[in-house]
Amino acid sequence: MTNLTELGVAQIRDGVAAGDFTAREVAEAFNANVAAAEALNTFIVTTPEKALEAADAVDAARAKGETLGAMAGVPIGMKDLFATEGVQTTAASHILEGFTPHYESTVSANLWRAGAGMLGKLNLDQFAMGSSNETSYFGEVKSPWRKEGSNTALTPGGSSGGSASAVAARLCPAATGTDTGGSIRQPAAITGTTGIKPTYGRCSRWGVVAFASSLDQAGPMTRSVTDCAIMLEAMAGFDPKDATSLDLPVPEWEKGLNPDLSGKKVGIPREYRMDGTPQDILDSWERGKEWLRDAGAEIVDVSLPHTTYALPAYYIIAPAEASSNLARYDGVRYGLRDLPDGAGLQDMYAATREEGFGDEVKRRILIGTYVLSAGFYDAYYNQAQKIRTLVARDFEQAWADCDLILAPTTPNAAFGLGEMQADPLAMYLNDVFAVPASLAGLPAMSVPGGLNSDGLPLGLQLVGKQFDEQSVLNAGLAIEQRNGFTAKPENWWA
Amino acid sequence: MSVDKETVAKIASLARIQMTDAELEKMAPELNNILAWVEQLGEVDTSDVEPMTAVIPNTLRLRDDVVDADPLTGGGVQDKVLANAPASEHGFFGVPKVIE
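Read top to bottom, the protein sequences are chains C and W.
The numbering of the first sequence is UniProt numbering, which starts it at 1 and goes up by one.
The numbering of the second sequence is UniProt numbering, which starts it at 1 and goes up by one.
Source of the hints: derived by calculation from the structure; they are not laboratory data.
Even glycine gets a Cβ: it sits at the ideal position worked out from N, Cα and C.
Please note that the accuracy of each hint is not assured.
As the list claims (entries may be wrong) - Keeping only pairs whose Cα atoms sit at most 30 Å apart, straight-line, the calculated DSS-like set for lysine-lysine is:
| hint | chain 1 | residue 1 | chain 2 | residue 2 |
| --- | --- | --- | --- | --- |
| 1 | C | Lys64 | C | Lys50 |
| 2 | C | Lys50 | C | Lys465 |
| 3 | W | Lys10 | W | Lys26 |
| 4 | C | Lys241 | W | Lys26 |
| 5 | C | Lys147 | C | Lys488 |
| 6 | C | Lys362 | W | Lys97 |
| 7 | C | Lys255 | C | Lys488 |
| 8 | C | Lys255 | C | Lys241 |
| 9 | C | Lys289 | C | Lys264 |
| 10 | W | Lys5 | W | Lys26 |
| 11 | W | Lys80 | C | Lys50 |
| 12 | C | Lys465 | C | Lys265 |
| 13 | W | Lys5 | C | Lys362 |
| 14 | C | Lys362 | W | Lys10 |
| 15 | C | Lys255 | W | Lys26 |
| 16 | C | Lys241 | C | Lys265 |
| 17 | C | Lys255 | C | Lys289 |
| 18 | C | Lys465 | C | Lys264 |
Stated by the list, open to error - Residues from chain C shown here face chain W by an in silico Cβ test under 10 Å; the list is partial:
| hint | residue |
| --- | --- |
| 19 | Asp247 |
| 20 | Pro249 |
| 21 | Arg353 |
| 22 | Arg363 |
| 23 | Tyr370 |
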């Protein structure tokens with residue numbers, strides 16, 4: 001009997017359609033893995049009954065000979081940033097604890113329509129702010145990975161750390177993530193999983209708890225490139241309810257997969273070779289170039305001169321948008337309310353927000369409020385928006401010389417939980433390679449790039465032109481086929 | 001540019017977040033660190049650069065001018081809208097007395 005929880009999206013979908021096993025068997029197997037993995041703290045809420053209900057619907061549809069959806073029979077984890085009707089949605093915050101939406105986010109609705117089922121709501125950094133999953137009100141997520149010969153708890157990355165951890169630990173074959181400045185790619189990289197952030201606007205943001213609206217983009221996190229292509233196709237699509245949604249047809253990314261890169265030029269940005277980058281990151285980057293060359297691509301040197309300014313610009317723009325987006329949490333319409341005796345409306349707002357937001361969220365709201373305040377708007381916010389134009393222009397100019405860019409996803413492998421908490425700036429640097437593509441709205445993917453000397457996964461990042469997810473996926477597939485990454489964490493948690 | 005405790009207190013009040021003295025003390029150096037780091041953006045000459053307003057060129061779409069064009073975002077869902085309210089009365093959100 002196949003171990004069903006080792007299977008990915010394509011294998012489950014095809015196996016259910018062929019009758020090799022039922023969707024219910026798949027859902028039961030993953031429900032059991034989820035129930036046995038409490039030590040990882042990946043789920044805030046589990047919904048085994050939802051997974052079974054969706055599975056039964058798929059099995060019934062198959063029995064009647066109906067056409068099955070693209071994700072039929074695949075149970076997934078849903079990042080707790082997506083509003084799910086009738087199931088608590090918290091963004092891992094205290095201020096939204098107990099909030100039960102009466103509506104469904106467009107992305108999750110698309111996935112259910114495609115036949116997927118929900119195993120539960122996955123833990124994340126509070127309001128998606130963080131790179132280590134330590135800012136969740138519901139406690140930190142542990143990575144299933146450990147350094148060789150060590151029991152130290154490691155971060156799964158963030159903010160989609162619950163998603164990455166759950167996929168790596170075989171608690172689900174796939175999960176949704178969201179990426180504002182690297183929140184899909186960084187956790188995928190350090191957990192040995194695969195994740196893609198599409199072009200800004202491909203996936204509707206309707207019903208996704210907003211962090212920085214000009215950057216937020218949903219995407220899939222899986223264990224293979226093909227699975228990413230299938231799931232992204234199911235998630236994406238025009239949505240009139242989101243004014244920034246792209247009014248374009250969704251390409252058939254799965255059908256278009258082709259690992260032959262003949263005639264493609266892959267750019268290596270020289271500015272990403274920063275001082276202090278560990279040797280094993282550089283080695284993995286070298287291997288990536290070899291694999292792509294072997295797939296027929298030509299490797300060329302390119303320059304993205306404003307790279308060093310991308311991260312500080314991001315840490316002005318994202319908090320600025322966050323300070324405005326998070327103004328809606330005031331204790332009036334939903335969520336927590338703290339009403340001290342005799343307090344007026346303003347006191348209620350201030351008390352509610354003090355109690356409801358964690359330290360990192362407060363820090364970012366304060367920075368955002370400061371850079372948008374009178375007298376500082378031009379010096380900080382406007383200057384950052386101009387830098388954003390320059391970062392996007394860098395990519396535009398690079399496309400004259402190449403079709404794709406290859407870089408490391410992160411400047412280091414997974415670090416220990418608690419290790420970076422004292423210094424917010426050191427933590428921010430984790431997204432130094434991920435942020436530029438976010439600022440430019442480009443599709444970007446992380447695929448496994450091997451293990452470091454401690455036996456921990458490293459990621460390789462592919463960045464493509466606007467709307468060209470296909471080239472990103474194809475190059476990812478070429479790397480995946482040559483890398484033959486089969487390493488998986490030892491099960492110490494069950 | 002460096003922010004002192006009083007400035008942080010002012011920002012916190014603009015952001016409607018109550019903060020204790022101890023929290024303000026702790027937050028001031030953290031904000032200073034981050035702001036000192038972002039100051040490097042000032043090095044870049046941006047005199048002839050337009051600030052980015054939209055990352056993907058997109059034209060603003062207007063919704064049809066009809067009532068309840070979309071059943072989800074239209075009207076008629078008062079119960080759902082109020083379902084998560086900490087306090088509601090007579091079909092409205094309940095808040096502490098605003099006018100004496």
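Broken hints, by number: 2, 4, 15, 16 and 20
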